[in-house]
Amino acid sequence: DVKVTQSSRYLVKRTGEKVFLECVQDMDHENMFWYRQDPGLGLRLIYFSYDVKMKEKGDIPEGYSVSREKKERFSLILESASTNQTSMYLCASSLIFGGYTFGSGTRLTVV
Amino acid sequence: GIQVEQSPPDLILQEGANSTLRCNFSDSVNNLQWFHQNPWGQLINLFYIPSGTKQNGRLSATTVATERYSLLYISSSQTTDSGVYFCAVGRGANSKLTFGKGITLSVRP
Numbered sequence: 001d002v003k004v005t006q007s008s009r010y011l012v013k014r015t016g017e018k019v020f021l022e023c024v025q026d027m028d029h030e031n032m033f034w035y036r037q038d039p040g041l042g043l044r045l046i047y048f049s050y051d052v053k054m055k056e057k058g059d060i061p062e063g064y065s066v067s068r069e070k071k072e073r074f075s076l077i078l079e080s081a082s083t084n085q086t087s088m089y090l091c092a093s094s095l096i097f098g099g100y101t102f103g104s105g106t107r108l109t110v111v
Numbered sequence: 001g002i003q004v005e006q007s008p009p010d011l012i013l014q015e016g017a018n019s020t021l022r023c024n025f026s027d028s029v030n031n032l033q034w035f036h037q038n039p040w041g042q043l044i045n046l047f048y049i050p051s052g053t054k055q056n057g058r059l060s061a062t063t064v065a066t067e068r069y070s071l072l073y074i075s076s077s078q079t080t081d082s083g084v085y086f087c088a089v090g091r092g093a094n095s096k097l098t099f100g101k102g103i104t105l106s107v108r109p
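Top line first, the protein sequences correspond to chains A and B. By the numbering used here, the letter at position 95 of the first sequence is numbered 95, and the numbering carries on one by one without gaps. By the numbering used here, the letter at position 43 of the second sequence is numbered 43, and the numbering carries on one by one without gaps.
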């Protein structure tokens, strides 16, 4: 089975902190994605990557950056955390044309 | 961007009942997936189905791409089927998906 592992299940950070969310997949998938999920707003794409060192903005990239130095790892960076970034963050991976596999999510609270 | 509408928004079933969940989308797509989010928040991929029909146990899905809709069928529902069902669509390369708002299903014993 494909596994997508997110480094933390729950995270509490202070306003202004730099926050790193890590995601690792073990099936050699080309594509990796970061979504956030909020009540009433559904899942929204933040960034995605279709190859090492390649990244593209999704629908809501403001306040975030990403890094993909190795094929299996895709990191989401909150440059200066704010309370409106409190959310559930979901990482996914897929083949070029194939089903997504999601990680179990990181629930981030910014205080 | 592509608009994705799912219906009904909420569904309550008695255990053993059958149901049909619908997903309409506003433009041509080459990627369509159905997901189940369990009460603990884990999203599970049910089907990758840009066209045609697939079956997996009690679940089946049909996508009619030319008419821009997809249906997810759940037969003999069980309490473990409860959760939120998402349809997501994409077009072009790189598999970027747009998600619908989801259908909340409650199956009562």
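Any given hint might turn out to be false.
[Said to hold, decoys possible] With beta-carbon atoms standing in for the labels, derived distance ranges:
#, chain 1, residue 1, chain 2, residue 2, range
1, A, Glu-62, B, Tyr-69, 32 to 40 Å
2, B, Asp-10, A, Arg-107, 22 to 30 Å
3, B, Gly-92, A, Gly-16, 33 to 41 Å
4, A, Phe-20, B, Gln-55, 38 to 46 Å
5, A, Arg-44, B, Tyr-69, 18 to 26 Å
6, B, Asn-38, A, Met-27, 20 to 28 Å
7, A, Thr-15, B, Arg-68, 19 to 27 Å
8, B, Tyr-69, A, Asp-38, 39 to 47 Å
9, A, Phe-97, B, Thr-66, 29 to 37 Å
10, B, Thr-104, A, Arg-107, 14 to 22 Å
[Stated by the list, open to error] Within a straight-line C-alpha distance of at most 20 Å, the following computed SDA-like cross-link-like pairs (lysine to any residue) qualify:
#, chain 1, residue 1, chain 2, residue 2
11, B, Lys-54, A, Met-27
12, B, Lys-101, B, Tyr-48
13, A, Lys-53, A, Thr-83
14, B, Lys-101, A, Asp-59
15, A, Lys-57, B, Lys-54
16, A, Lys-3, B, Ser-26
17, A, Lys-18, A, Gly-98
18, A, Lys-3, B, Asn-38
19, A, Lys-71, A, Tyr-50
20, A, Lys-55, B, Gly-92
21, A, Lys-71, A, Met-54
[Stated by the list, open to error] Just some of the chain A residues that point at chain B, by a computed CB distance under 7 Å:
#, residue
22, Tyr-10
23, Phe-20
24, Pro-39
25, Val-52
26, Tyr-64
27, Gly-99
28, Ser-104
29, Gly-105
Hints are computed from structural coordinates only; laboratory data are not their basis. In this text the structure is predicted, and so the values were computed from the model without any measurement. Even glycine gets a Cβ: it sits at the ideal position worked out from N, Cα and C.
A/Glu-62 paired with B/Tyr-69, Cβ distance criterion 32 to 40 Å: Given about 33 Å between the Cβ atoms, the range holds.
Holds or violated: 33 to 41 Å for the Cβ distance of B/Gly-92 and A/Gly-16? 38 Å, holds
Quick check on A/Gly-99 please, does its C-beta sit within 7 Å of some C-beta on chain B? It holds, given that the least Cβ distance between A/Gly-99 and chain B is near 4 Å, below 7 Å.
Quick check on A/Tyr-10 please, does its C-beta sit within 7 Å of some C-beta on chain B? This interface hint is violated because 11 Å lies over the 7 Å limit.
Report holds or violated for the interface hint on A/Pro-39, using the least CB-CB distance to chain B and a cut-off of 7 Å. A/Pro-39 check fails; min Cβ-Cβ to chain B is 11 Å, beyond 7 Å.
Does the CB of A/Gly-105 sit less than 7 Å away from some CB of chain B? Because about 5 Å separates A/Gly-105 from the closest Cβ in chain B, which is inside the 7 Å limit, the hint holds.
Min Cβ distance, A/Val-52 to chain B: is it shorter than 7 Å? 14 Å, violated
Mind checking the alpha carbons of B/Lys-54 and A/Met-27 for me, to see if they're no more than 20 Å apart? 24 Å, violated
For a C-alpha distance cap of 20 Å, please report whether A/Lys-71 and A/Tyr-50 respect it. Roughly 9 Å separates the two Cα atoms, so the pair holds.
At the C-beta level, are B/Asn-38 and A/Met-27 separated by a distance inside 20 to 28 Å? 22 Å, holds
Sort out whether B/Asn-38 lies within 20 Å of A/Lys-3, counting only the CA atoms. 17 Å, holds
For the hint on A/Phe-20, does the least C-beta distance to chain B fall short of 7 Å? 21 Å, violated
Hints 7, 8, 9, 11, 13, 15, 16, 17, 22, 23, 24, 25, 26, counting from the list given before, are not met by this structure.
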